[in-house]
Structures are given as structure tokens and as C-alpha cells.
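Protein chains: 2
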Amino acid sequence: MTDPFVVVGADAAGLSAASKFRREAPGREVVVFEKGRWISYAYCGMPYFIARYVDRMSDLLSLSPSEVDERGIDLRRGREVVAVDPDAKRVTVETADGDRVEQAYGDLLVATGARADSGPFDVRGLDGAFTLHDMDAAAAIDAYVADPDDYDSDRVDVSAVDRDRVERNAAMPAPETAAVVGGGYVGVEVAEALSERGVDVRVFHRSGHLLSPFGEAVGNRVETALEAEGVSVRTDAPVEALVGDERIEAIDVGGDRVPVDMAVVGVGIRPNTELLDGTGVDLGPGGAVRVDDHGRTSLPDVYAAGDCATARHAVTGEPDWMPLGLTANRAGRAIGATVAGDPAPVGDIAGTAAVKAFDTEGARVGILDPEAAEAAGFDPVSETVTAGSRSGYYPGVAETEVTLVADRDTGRLLGGSVVGTDRAAIRIDTLATAIEADMTVPEVERLDLAYAPPFSPVWDPILVAAKVLNGKIED
Amino acid sequence: MTDPFVVVGADAAGLSAASKFRREAPGREVVVFEKGRWISYAYCGMPYFIARYVDRMSDLLSLSPSEVDERGIDLRRGREVVAVDPDAKRVTVETADGDRVEQAYGDLLVATGARADSGPFDVRGLDGAFTLHDMDAAAAIDAYVADPDDYDSDRVDVSAVDRDRVERNAAMPAPETAAVVGGGYVGVEVAEALSERGVDVRVFHRSGHLLSPFGEAVGNRVETALEAEGVSVRTDAPVEALVGDERIEAIDVGGDRVPVDMAVVGVGIRPNTELLDGTGVDLGPGGAVRVDDHGRTSLPDVYAAGDCATARHAVTGEPDWMPLGLTANRAGRAIGATVAGDPAPVGDIAGTAAVKAFDTEGARVGILDPEAAEAAGFDPVSETVTAGSRSGYYPGVAETEVTLVADRDTGRLLGGSVVGTDRAAIRIDTLATAIEADMTVPEVERLDLAYAPPFSPVWDPILVAAKVLNGKIED
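Residue numbers (the UniProt record's numbering), protein chains in the order written: chain Y, 1 to 475; chain H, 1 to 475.
It is worth saying that the hints were derived from the structure and are not from the lab.
By construction, the Cβ of each residue, glycine as well, lies at the ideal position given by its N, Cα and C atoms.
Any given hint could turn out to be false.
What follows is a list of derived Cβ distance ranges for each label pair [stated by the list, open to error]:
#1 H/200 / Y/163: 58 to 68 Å
#2 H/369 / Y/341: 49 to 59 Å
#3 H/69 / Y/386: 26 to 36 Å
#4 H/472 / Y/386: 48 to 58 Å
#5 Y/398 / H/167: 48 to 58 Å
Please put together the full structure from these sequences, using the hints given.
Spelled out as C-alpha cells, the structure:
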């Protein structure tokens, strides 16, 4: 009997792998260790819970522990894997009480995810200051934002939630003003959520436009969308400090002290790789665990997937680190098949991402930043166009901005973005497909995209952008 | 001095060609002959004018004659080209008065479009019976549907309109019931439009589901959508006759006589190729003029584009006839460049089309019909899935049905459809791009499509469909 398939981490990647493995190799054992109590939660849904678009926290859970059990997966919560011995093919597992046991593995999947990087800011010691990267934080923010007389504890209908923390936050007076530190997509979504809850929100972003990886066109449109709803935005405004003793009182930014009752810090995340410290495993961009096209690390029989692992970028062909939900699910599922004996590639990433700010939708794919394109050996040329989302005469037509980036020499499409209020974000999938197919911009211009007045003009905004960029390439 | 570039037909293909030619070859002459008075109108917008989603008929015109003039194009309306002499490189042009002149050409573009095929039905001699393939018909239907006391003639704010016909229809009593004969996309859109105008609409369709080229999944969902809004639908119901003396009184279908006050016949269109009769030009599928990848016919220096011409299908590589707006615009533009000395391919078609029925959106691409796939040498295997349009917890999530068809041997994606109420139609562009890139279904399954709870679940419905179809192919 071979040793079990051991999975570290019971979220998207880990449980996808365990589930797929169970289906493909029903006779073999799979053990999933999870250091906390939460499993299989929708990280991306947390802002919408805070906004109250989603009624109950339990709605954000894909799988309950009993459902995992029914799949024949041996899930062990409250068990932290603290060390890996790749030579002996064993992991050391620690319980909440500090007891340690050894567990042998046939194959090992490290799916430990990532955590919020609060940068220079200490949010732990300061009431009203938060990061948002787990469900307990989402529950705490929801409680803090509510007026103590008006807090609805029924929404947090999940046994795993940290009730002490929730109650402590619920008892505090509701904030009137909040600083969102960092205008990445978590920052933008939290800004909308807090604004929906009646808080006066100010977003502070370090660089020149919001949503840096989405490019200037998306960042500027989203800034306009936030401000139209009363959220103030300051760019080129790196926050220097959170100010306060017990509770947050202000932030310091660009020489100003801005009084606030709340701060949410969203300045980045970093991969949880400490488990592999000392094993000599290869790391890649962002400090994530470097993997090959089947999710294998440099250690034998050790795989990594999800927010702690790299993935191959479709444009550069090189490992990259872009922690996103589909990547985690897909890689987990592929590794589950591979370990079960049916090798499946984890798939490339194209860096496809989408974000919503009130009625505005933005999305990006590939390489948008000219410097990044040059670093990858391309000669980037780009164009941004504004075109109608529908036929000009059809009600609801909305201005849609499309940015395309291509390599001047080969015409190859390197990246793109779409932003607007009418079916804008979903249009990025067309560009993602074109990028993964190594299409050139002339090929994109000749795509037979759907034309129907309620959904798209004769020349879809993507075709308009390709046409204009081609003109520029030919000059 | 070379003879001018002569274009026959002043709609999408013809005016796109003339405009591009003028920009690329400013010193050379281009003459456009148009037999009627209308130019550059949005055929696809006519149902929405009838529905009153579009206020004024002039909104449906892309270019006015004076704007064409300003582009330096010599537009001659009321001039019908009645013969082509490819050896002498001359066309014969007839005026409304019957005068004939000869016009030499350097290059000739035939962009004569298509016309409604009313099948066995004579709609001309019967008040209240219509086809819908030109603006005069749209204006007449709008007038007929209105109550005589309530007709708004200001909406028909276009000098080209046939005012006698409009006034005659406006004077007739408004219909209470209408039969739509043929449930293709014109039929479906007209059914919605008439229903929006308060008419009790019954759709009769020859075969087993509406929208035959869109496949069963789309056809059935659209039928449900129509019936939910009070439009009755009968499938497997070929209409045998329109009944009435001066005004329509009933239709005969399947042995029943169904009384109606109106009938709109949408049973097909056919290409206008009579101009080339006797020249020996090669024709292709549907009787359309066969062209190569630059839009050239079998006659020297004679091009054809738009609804009268074939185009190469991306899946089969063979000429096909699928008259659609983008195809016409794109081919016209490419031929304008080619004739100006900068050869440009007209591009393949993927058969991408979209349709709306109230809040339901459907779209199709490629080869969906198993018999057509077999005829093209494939071994088709298909799957239809139902999946959420957004994360399951996000408000507005809607059931989206995706059908994928693949070749069993190679896994190549041959066709697909999408139907639903939330951003369904635009998702077809992802499949169109995959088809034009010759992707396999495993490649589609690994596409890095956007995941964001308001727009798409972790596994987009397209990815779900690819996953399920792959499972079927592997079995």
C-alpha cells in the first residue's frame, strides 16, 4: 500500500486536488491538513459580504467539512503542517495543543495560500484598522461598520467564525470615515463596500492611478466611478502611518494628518512558503514556490498550487506569480489527476483579472506595462480607443475603453484591458483567448465577433482597438 | 488615367469599400451606383425601430448622402446597374426613367446585398402582410401597427421613405393579432417588437425548435422567453398559406385556419446576383457569388462582398454563405484597400451570430448541426451544460446554457452556443476566437478566463462546458 496523498491547505487548490484525486483513484487515501477552522471559502466574495450584497457568510462557503467528508477525503482541521522532510517523505504536523506527529506521504501538495502583507503598518494592535484576507477579518469589518444597536449577528452564521473578535468589533461605535490604504482591487472593492454601508470613504493609492496592474485607462475610469459615488480618491499618495493608541484616529499621508475612524490596508499579499524553508526548494517570482507545467516543485513528489505557487505566463513562457482563484482551482484539479496517474498540465496563466466599482467594470489580461514588456524582450506599442458597447442607436449604449498592447516587430498581442459600464469586463475573455492562442493584432482585427445591436456594434470595441493599433504598427 | 473603381450598392459592403479606397488612393475616382434611395442603413436595427426602442428612423442611418459626398465618393442614387461586360470592363447603368449609359471600370465591386425570400407567400398583394428586409417595410409595419389616431409620423424622419405606402398603412385599423411566419432571428425579433406594440403575436416555425441555426438549447430557451411574455409559439408548424382578399384574414397551418390581422413572413433571404447572370461567374453556397480570400470573383477585376457573396468558413475552410453585418463591412473595407494597391484579406467567417428575445440573449458560432459537421468530415460529439453566470452567492446570477461541439478524433472545437439572461450573448466571442485559432476543447478548458464574482464564477460556463465535453471525449 502506498503512502497517502497529503495536501496542506483546505482551500481552492487543496480541495480541488483532493476531490479530483478521490474520483480518479478511489482506492487510495488522501489526507488534507488545515491549520485553521475555515475551509473552502470564497476570498473574492468578502467585499460583497461587507457591502451586504451577500446576505450570509455561509453563502461564501463552497464546501462544508461534512461535504468534504462525504467525498471520502480525510480532512483534519486545526492541524498545522510545520515541516517537510523531502528525503524521508514525511511531514510534521502540529495540533492546536502543540502536539506533534509525523505523517508519511506518497505525494505532497503544498497549497498554503497567501496572506495579507500589511507593509509597514501594524493593524493588529489598533482597533478599527484591518487587512482583508480571511473570513474572520470580513466578519470583524462587518461588525465594526455596523452601529452597535443595529448589528445583525445572524449574518455571521458560520461556526468557524471568531465570535469574540466579532463581538468586540460590534460593540465599538460605527465609523463615520474610513481610509482605504492601497487602491488595488481589494482596495477598490472595499471602498465600494464601505460606501454602501454609509461610511465616508477615502482611498489613498501610492502610484499615479488606481489598480496599477490594470493600466491607466481602467484606473482612471474606476477613479471617476468611485468619485461619482462620493468616494474620494488620492493618487500619488503613499500613506506613511496609521495614527492612534487603542483605536485608529488618523492616517499620515504626504505631510497631512487625515482623521479617520477606520482604516483598511490593502497593499499586497505574499505567499505562505515558510513550511518549505530549509528544504532547498526553488522559489520563483514574488517568492512563490516555483513549479513546472504539471505543478511539480523542485523537490521529488512535492507539488505546489494556488496562491503560494508560480504559474507559467502565456506571453513570456516564464514562471510568474499572479494569485487568483481560477488558477488555484485549475492547478489543484490538474495535480489531483496527475497524482492519481493521469498526468494533466496545470495550464498557463494569462493574468486575466476583473474588478467592479459600482456600475463600472474593468478587466485586464497579459502584459500591459511597457517596461514589463520590454523586460520580456518585446518592443511594445499600444493604443487606447473609446467605442460604443452596442449599436449607437440602441438604448443603453455605453462608452467602452479598450487598450491593446502588441509587439511592434511581430504584431503579436501582448496584453489588453477593457473598462466601461455595459458588459465590459466579460469582453476580456476574448482577449485572453487571443493571447493564449498567440494571435497577432491583424488576426484579432479579422475575428468574426458577434454583432447584434443590443450587445455589440458592427465593429466591437475590441475590433476597433485592433484596427487602430494596426494602423499604428504599420506606420 | 485608369478607369474608376465602380461599386454597385451603397450599403455596408459598398460604402465601406468606397470609403477605404478613397482614404488609401485619394487621387483615384470611385463611383457608387445605388438603384434605390436608401443608403447605409442598419438592417439589424429595424425590429428595434418597430418596437420603439429606437425613436427615429434616421437613427438607423450610418451615413447620409452628403456625408458620403464629403468623403469624395461619387454616389449616384436612383441608378441601377443592369449588366456587366467583364471583357470590355464596362457596366450598363439604367436610370429611373429607363435611360441607359455605359460606365467603364478599372475594378468593379458587386455589393448588391440580398432580399427577403417570401417563399410561397405573396405578401405584395395583401394588406397587413409584410416581409422585413428594407426600411420602407419597417416604416410600413410601424404605421400599420399604430392606431390611426395615434400614429406618430415624426418617427419616419427620412426623406427616402415611401410616404404613400406609410400613409396607406397608417390609415388602416391597427391589428390585434399577428402571425410571424418563420422563427429565425428576424422572426423572433419581430415577434418581440410587435408584442411591445401591444399586438397579440403568434410565431409559427417550420422545424422542431426556433432559431434552427442556433441549435436546440438556444431555440428552446428563446421559446420559453417569448411565451413568458405572452407570445405564443408553435414549432413543427409550417404555414401553408396566407388567407385574405385585400387584407390578411388568417393563415393556414397544419390543417387549422388561424385568424389574424397581420402577418410578417421571415422565411429566408436570397442573394441579389442577377446582375451577373450570363457572365459565367462562379456561384457558391446559397447561390451567392463565390469569392477568394481577397473577395475576388472568378471574373478578372470583379470583386463581390456582403450579403451577395460567399466567405470562407473558419472551421471547414470552404466557401459558405452567412450574410451578416460585420462580414459585409469587413470585406468591403478589405477590398477597398486591395483595389487601392494594399492587398488585405477579407477574413474568414466563423458564423458568429447573436439574438435577443426580451431579456434572453442567445448566440451561436461555428458548426452546431451534427449532420453539417459530418458532411464536413468530422465526427461530432457535443454537450450542453447549465452553469451560473456569476458566483452562486452574487445577486443576479442566472442560469446560462452552453453547448459545445467538437471533433471526437482531434478534440478540435467545431461550434458552440450560449443562452441566458446575464451577459450570455457576448460570451460567444470567446468561442469565436477559440474556433478561429483552431483550439481543441482541452485547450479551451485551460483558458485563463476572468473570474470575478459579479461577472463570472471561478469556472466560467464555457470552462464548465469544456470540462464536461472533455470527459465525454475521453470516454
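List, from low to high, the hint numbers that the structure doesn't satisfy.
2, 4, 5
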